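For the protein sequence lines, the chains are R and L, in the order given.
If you read the first sequence in the UniProt record's numbering, its first letter stands for residue 1, the second for the next number, and so on.
If you read the second sequence in the UniProt record's numbering, its first letter stands for residue 1, the second for the next number, and so on.
Treat the hints as calculated values from the structure; they're not laboratory data.
Small disclaimer: the values here were computed from a predicted structure and weren't measured.
No residue lacks a Cβ here, since even glycine has one placed at the ideal position from N, Cα and C.
Where hints are given, some of them may not hold.
[Stated by the list, open to error] Where chain R lies over chain L, by a calculated footprint (3+ residues, C-beta under 8 Å):
#1 81-93
#2 207-221
[As the list claims (entries may be wrong)] Selected chain L positions facing chain R (in silico; Cβ < 10 Å):
#3 G55
#4 F56
#5 K61
#6 K78
#7 I106
#8 A151
#9 F268
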Amino acid sequence: MRKKLKISHLYLIVVFLILYTPIFYLIYYSFNSSGTMHHFEGFTLDWYKEVFADTRLLIIVLNTIVIALFSAAISTIIGVFGALAIYYAKRKQIKNALLTLNNVLIVSPDVIIGASFLILFTIVGIQLGFTSVLLSHIAFSVPIVVLMVLPKLQEMSPTLVDAARDLGANSWDVLTKVILPYITPGIFAGFFMALTYSLDDFAVTFFVTGNGFSTLSVEIYSRARQGISLSINALSTLLFLFTITLVIGYYFITQRSQRSSAVGGRK
Amino acid sequence: MNDRVIIRFEHVTKQYDDDPPVLDDVSFEMERGKFYTLLGPSGCGKTTILRLIAGFIEPTKGNIYFNGKLMNGVPANKRQVNTVFQDYALFPHLNVFENVAFGLRIKNLDKKTIETKVREALRFVNLEGYENREIHEMSGGQRQRVAIARAIVNEPEVLLLDEPLSALDLKLRTEMQYELRELQRRLGITFIFVTHDQEEALAMSDEIFVLNKGKIEQRGTPKDIYDEPINRFVADFIGESNIIPGKMLADFSVEFAGKQFECVDHGFEPNEPVDIVIRPEDLEITTREQGKLQVRVDSILFRGVHYELCCYDDNGNEWLVHSTKKAEVGEEIGLYFEPEAIHVMRRVETKENRGGER
Ligand SMILES: Nc1ncnc2c1ncn2[C@@H]1O[C@H](COP(=O)(O)OP(=O)(O)OP(=O)(O)O)[C@@H](O)[C@H]1O
Ligand SMILES: [Mg+2]
């Protein structure tokens, strides 16, 4: 028993080492003064300075954040109503069909989604740039939000809605005073997921950017292709830290929702 | 029409899809200010009746009247009734005060009125000082009282309670039975209480409706129902009893267990087959010679206040006896009972009754 435990621990450690080593390697050399990634000469913050001096890069960072916030906010709104629609679908077949369509979007490869958006935007005649990136980010975030919100809805006891109606609430009151407050943790979780997905996204964005507009991941990719500069390491490090912060935020939100639903629900 | 009547069901049927009807042509009236209990086994349609009154569902056929006004099509939020749900359905994101205030806030009452009314309602259910507690910090019994306060603060004319005590332990449950009954007297409004516990029904109600498979088998005061069950189902459901097939020989004379007995029932056809009921507590243990019936003790159980004996007569009928006297297993004893203890029921040859199961 003890031995088994040790082996499983060892296994986990190895896996995490493999997964995280490249990232820490990259972070480590972002402080290297020699400018290469194989010989650590001395500690420096020059690369970070370079990043903050690069206005083009800063504008791209800003773009990325604006896209992420907008797409997360809009897709959260759409996703919540989508989840409500699925929840209230009367016929079981319709409900399952909607849910399946939603899940297919989540598992289908980004490349296909990106390519199909490219085709769509070209046909409809939307210029590639801010709008196209925003639209495509909203599109791939909505299913994620639906997936985060729907379980909260399903876990809600239907008598809660009955109780509200019993106390005189009309449909609007039921939605705003009972359902939305109840699923708030799911909504936040969905928002954060959408935010991280949008910040991360490379494949879809790569297809639909253009016209001088770019996001961080695309920019890092194109710079990495041009040749190594450790400012990319510095940038990646910052991005990594930002994502970690988001994940921790997300963790605390789900923690809180778990606690409240554990005690709030049934006896 | 009688103006004491507050709720009237007129040939109400409720059916989902092509399933057999959940409620089958039910008609009844309920009066203002009384404590009614709907009693019946699981799935008999008790909750369905409450949901029809509350307006969460609409009848497939028939009419429901409230204060003489037709309620069909009137949505739940426009009805003068409030419900205490089986799982209480308190809003987990609101604290005790806000839960109770919910209905008043919907009505847009001013802050001061809400404050006074909520405090008053909480005092009514003995929950003063709990205003700022979260729901998850309340015990089961306290939650139930919050649910009641949330309902009565709206001053409904009818309060519907769907098995509100089923989640509580025995002691708390008995306490709450008294409290609920007392509350109903103080408020003077109609309570419609659902339970599948016959003792609870007998203890609390002005009137009991015994339901079975979407029909009302019998309605009456607890005493009526207990002493004069109309058929085998009711007799069996309401407390433990001995139900034995017999034959009505003539008025005041009945035959069962191979013997002839004097009784107080009359008005049956000569030789009409009947079911007779004798409650276990009406049977007395005596010697074989003095007893009206001779039985052999098969098993004995100590039940606290009395012994419960399971006996068999020579014809193989089972007799349950509650007695403070003890007997030995295997002992041959006699059972004595007064003619008034025998209750004769007409046998209705329906599927349910013939099968004899609950
Ligand atoms: N939405 C529904 N669709 C189909 N059948 C339903 C629906 N709601 C209730 N029923 C059926 O109606 C019947 C009566 O249900 P109801 O909830 O009134 O029972 P009950 O007497 O309250 O039972 P319990 O004591 O278990 O609460 C059950 O057989 C149930 O399966
Ligand atoms: Mg029920």
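Checked hints:
Taking a C-beta to C-beta cut-off of 8 Å, the stretch 81-93 of chain L contributes 11 residues in contact with chain R, enough for the three needed, and the coverage statement holds. Here's how the stretch 207-221 of chain L fares: 0 of its residues keep a CB closer than 8 Å to some CB of chain R, so the rule of at least three is not met and the hint is violated. With its C-beta approaching chain R no nearer than about 8 Å, G55 (chain L) sits inside the 10 Å limit, and its interface hint holds. For F56 (chain L), the suggested interface contact is upheld, since its CB lies about 5 Å from the closest CB of chain R, less than 10 Å.
Interface restraint check for K61 (chain L): the shortest CB-CB distance to chain R comes to about 22 Å, outside 10 Å, so the restraint is violated. About 8 Å separates the beta-carbon of K78 (chain L) from the nearest beta-carbon of chain R, less than 10 Å, and the hint is met. The interface hint given for I106 (chain L) holds, since its Cβ lies 4 Å from the closest Cβ of chain R, which is under the 10 Å cut-off. With a least beta-carbon distance of about 8 Å to chain R, the hint placing A151 (chain L) at the interface is held under the 10 Å criterion.
Taking 10 Å as the C-beta cut-off, the interface hint given for F268 (chain L) is violated, the closest approach to chain R being about 47 Å.
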